[in-house]
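For the protein sequence lines, the chains are U and R, in the order given.
In terms of my numbering, the first sequence opens at residue 8 and continues consecutively.
In terms of my numbering, the second sequence opens at residue 24 and continues consecutively.
No wet-lab data here; the hints were simulated from the structure.
Computed from a predicted model, the values in this text were never measured in an experiment.
Hints are supplied without guarantee of correctness; some may be wrong.
Unchecked claim - Not close to chain U: a few residues of chain R, all C-beta gaps over 10 Å, as computed:
| hint | residue |
| --- | --- |
| 1 | LEU75 |
| 2 | THR92 |
| 3 | ASP121 |
| 4 | GLU138 |
Stated by the list, open to error - FRET-style restraints, in silico, Cβ to Cβ:
| hint | chain 1 | residue 1 | chain 2 | residue 2 | range |
| --- | --- | --- | --- | --- | --- |
| 5 | U | ASN169 | R | LYS158 | 15 to 25 Å |
| 6 | U | ALA40 | R | PRO185 | 51 to 61 Å |
| 7 | U | ALA109 | R | ASP112 | 44 to 54 Å |
| 8 | R | THR259 | U | PRO183 | 54 to 64 Å |
For glycine and all other residues, C-beta sits at the position ideal for the given N, C-alpha and C.
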Amino acid sequence: MIRRLTLTELKLNLRDWSTTGFGLVLPVALLIALGSIPGVDEPDPAIGGRRGIDTWVPSMSFTLALAMLAWFILPVVLCTYRERGVLRRFATTPARPAALLAAQLLANLLLLAVSVVAVLVAGALVVGLAAPGNVAGFAVVLLTGVLSLFGIGLLMASLIPNQRAAQGLMWLVFAPSAFLAGVYVPVQLLPDWVARIGDFTPLAAFRTAVEDVWVGNGPRPVHMVVLLASAVLSWLGAARFFRSE
Amino acid sequence: MPIIEVSKLHKAYGRRVAVDEVSFTVDEGEIFGIVGPNGAGKTTTIECMIGLRRPNGGRIRVLGHDPQTEPGPVRDGLGVQLQEGQLPDRLRVGEALDLFASFYRDPADPAALLEMLGLAPHRNQSYKKLSGGQKQRLSIALALVGNPRVAVFDELTTGLDPNARRATWRLIENVRARGVTVVLVTHFMEEAERLCDRVAVIDGGRVIAMDTPAGVAAAAGAATLDDAFLALTGRTIEDLEAQS
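Modelling step: build the complete structure from the supplied sequences, incorporating the hints.
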């Protein structure tokens, strides 16, 4: 049952251009565009003599892939389901709303997996992206990032009543997070105290942690604590507040 | 042996009492109507009956089970069509039937249901593009795909034109002919008169009459259910519609 439901949700998400566009095409396109900037594969004194292609280029792609699926697609779909009575319809069947929620979550995780692999492969083939220096570290950071950001997406889907509000409010969550994560302006150009605030926000913590493991270091404790703490709190909150109508 | 028993059901939302001491039983194989004006407590009654809402008091047994403490067998044996319960826009008719069939232990054949409800030509159409009548028929198909022993239909024909309404009535008679017990919620007295073996008339959260449609009318000294409602309450359903 859950397998069929997950495949159905996956199909439904893929029929929506915004999922394919923002979840799958954007991260790869962004990686290729950023990775093609002249000089991005040369040591850059502004970031401690490291190369952009090893630091902000891959971390930016993974951050956007995760944010699009966890903070836009998932909560908007779930709020639409609640608003339109789809969750209520499921509550009268043996499948229950929880099964639909789980299936939508799994479908987005599958999309994220495809997106991550596509970025790795397209990056290696087109712009000479290296594999992460610390592979185990990358796996751990990706997993905690998934738990944190999808938890926040679920919590927001629990608190937001309808589709329109979901689109607007998720943008309000995303815009400042993306700023602190260096999506608009590179982090090293931000004042120190602003970058410091970013260390304590999940999206920026995730992006910086990806950068750290890509160059072969371990993630910094502060980033792991922020990701794990936000994961625990958001999942508990979502379990407490989620309603099917 | 009744297939559904509701006794002294009580449900309040805050201070507002929606359902007050409602009792009725539904026998296997009958079409049982819950009729009354909008806001009378009909929908709340069936929401408690199918386990969507927790009653504040009273006793409910559906197929011998309490919908709150034993929801599993209740959900497996009930097919429900709700007033407000839509599907994802991009889900196609055939996919919806196959998906819902996978939820049940002993599902009906989705292809045969599509045929019976005249939806076979629309198998690949997405939900968003269906007409109101087609959505209604899909909703009936989904209520029947689990091979339920009881089908619950809430305001099934509201918003349908007279032709579609009569076609839906024939469908409900077909459903009963397959041995399925039907609980029909409606504010349409003519519909209840035409289809139901017995009706419970609900007003202000209470059952004010319960019998065959002809019996309810006769007891109130009226010729039709509409007139019976007027005789029992001093108001017509149309008055109440106009107010709401």
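Practice task
Please flag the earlier hints that this structure goes against, numbers listed from lowest up.
Solution key: 1, 3, 7
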